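Undergrad: Sequence:
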Amino acid sequence: MVYCGALLISMLYWWMRNDAKAERMRCTMNNADNFSSVEKDMDVLHHPPFKEEVQSEQDKICYQKFLDGDMEPFEELVIKHKDRLIYFIHRLVNNLTIAEDLAQDAFVEVLVHKERYHFQVSFKTYLFTIGRNKAIDYIRKNKRMMLVEEYPESYDEENQMEENLIRKEESELLYHAMKKLKPDYKAAISLIDIEQMTYAEAAKVLKKNDAQMKVLIHRARKSLAKLMEKEGYSYENK
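Just so it is clear: in the sequence shown, position 143 is 143 by UniProt numbering, and no numbers are missing.
FYI, nobody ran anything at the bench for these hints, they're computed from the structure.
These numbers were taken from a predicted model, which means no experiment stands behind them.
All C-beta atoms in this analysis are idealised placements derived from N, C-alpha and C, irrespective of residue type, glycine included.
Just so you know, not all the hints are guaranteed correct.
To be verified - Label-pair distances were calculated between CB atoms; the ranges are:
| hint | residue 1 | residue 2 | range |
| --- | --- | --- | --- |
| 1 | Glu229 | His118 | 40 to 48 Å |
| 2 | Ala225 | Thr97 | 26 to 34 Å |
| 3 | Val112 | His176 | 36 to 44 Å |
| 4 | Lys141 | Asp70 | 32 to 40 Å |
| 5 | Lys180 | Lys80 | 27 to 35 Å |
| 6 | Gln212 | Glu76 | 28 to 36 Å |
Said to hold, decoys possible - Simulated pairs of lysine to aspartate or glutamate, EDC-like, Cα-Cα distance not exceeding 16 Å:
| hint | residue 1 | residue 2 |
| --- | --- | --- |
| 7 | Lys60 | Glu76 |
| 8 | Lys60 | Glu72 |
| 9 | Lys208 | Asp184 |
| 10 | Lys114 | Asp70 |
| 11 | Lys114 | Asp83 |
| 12 | Lys207 | Asp184 |
| 13 | Lys65 | Glu75 |
Based on the provided sequences and hints, a complete structural model is requested.
TA: So this is what it looks like as structure tokens:
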């Protein structure tokens with residue numbers, strides 16, 4: 001256990017501090033914290049990820065190897081899911097540094113209690129459930145201290161050159177609209193429309209049954225659509 005703990009700390013420290021992609025994302029989002037997250041969301045909405053079923057099976061194979069004592073597959077799972085987990089938590093807590101810390105805590109919990117995952121759901125669903133719980137706990141403990149972050153006025157010059165005006169306006173609007181949604185609505189849209197989870201997977205993360213999940217996402221999309229329509233944009237992701 002001591003060796004495992006030392007390996008864990010070393011690996012996660014490398015993940016958060018020395019990985020080039022994570023470092024670049026941190027520098028960018030420190031200057032345009034919320035903007036980068038929403039840009040990623042818009043990219044996923046326009047370009048959905050690969051089939052979740054295929055990804056889920058690959059994850060389960062990796063996790064079984066991890067259970068059998070091979071740490072390399074676990075590192076693969078960390079690298080594969082860390083960015084999306086950070087983005088998801090960031091949308092809930094509105095703070096990149098806190099989101100990174102909570103994502104790290106989520107992976108620590110997976111590693112320390114690796115026997116808790118029983119393969120009934122996808123690993124991503126299991127991981128995002130832990131991440132959501134970490135975010136909810138943080139929000140409850142820091143409710144009075146949390147400040148609403150303003151949308152940044154300046155953007156990274158390189159990113160600004162790559163985006164077109166319409167896409168940027170959509171991103172800004174989506175960010176402001178998402179901030180106005182109820183927590184459950186925000187989480188439902190994040191999981192289903194942005195993370196491309198199935199209703200069943202999202203229901204498990206949010207602790208809802210299938211019927212409740214369908215009602216929740218319908219109301220969430222309707223609420224978001226109204227907010228965006230006021231500014232002359234539409235939101236259709238059904």
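Undergrad: Does each hint hold? Answer for all of them.
TA: The hints, checked one at a time:
Taken as a hint, the range 40 to 48 Å holds for the pair glutamate 229 and histidine 118, whose Cβ atoms sit roughly 43 Å apart. Evaluation of the 26 to 34 Å hint for alanine 225 and threonine 97 yields a pass: the beta carbon distance comes to about 32 Å. Separated by about 38 Å at the C-beta atoms, valine 112 and histidine 176 satisfy the suggested range of 36 to 44 Å. Separation of lysine 141 from aspartate 70 is about 36 Å and conforms to the stated range, judged on CB atoms against 32 to 40 Å.
For lysine 180 paired with lysine 80, a C-beta distance near 32 Å keeps the hint of 27 to 35 Å intact. Separated by about 34 Å at the C-beta atoms, glutamine 212 and glutamate 76 satisfy the suggested range of 28 to 36 Å. Restraint check for lysine 60 and glutamate 76: the C-alpha separation of about 12 Å stays at or below 16 Å, so the hint holds. Simply put, lysine 60 and glutamate 72 have alpha-carbon atoms about 14 Å apart, close enough for the 16 Å limit, and the pair holds.
Restraint check for lysine 208 and aspartate 184: satisfied, since their Cα atoms lie roughly 11 Å apart, inside the 16 Å limit. Our distance criterion of 16 Å between C-alpha atoms is met by lysine 114 and aspartate 70, whose separation comes to about 12 Å. Restraint check for lysine 114 and aspartate 83: not satisfied, since their Cα atoms lie roughly 21 Å apart, outside the 16 Å limit. Distance hint between lysine 207 and aspartate 184 is fulfilled; the C-alpha atoms sit about 11 Å from each other, no more than 16 Å.
Pair hint lysine 65 plus glutamate 75 holds up; C-alpha atoms about 11 Å apart against a cutoff of 16 Å.
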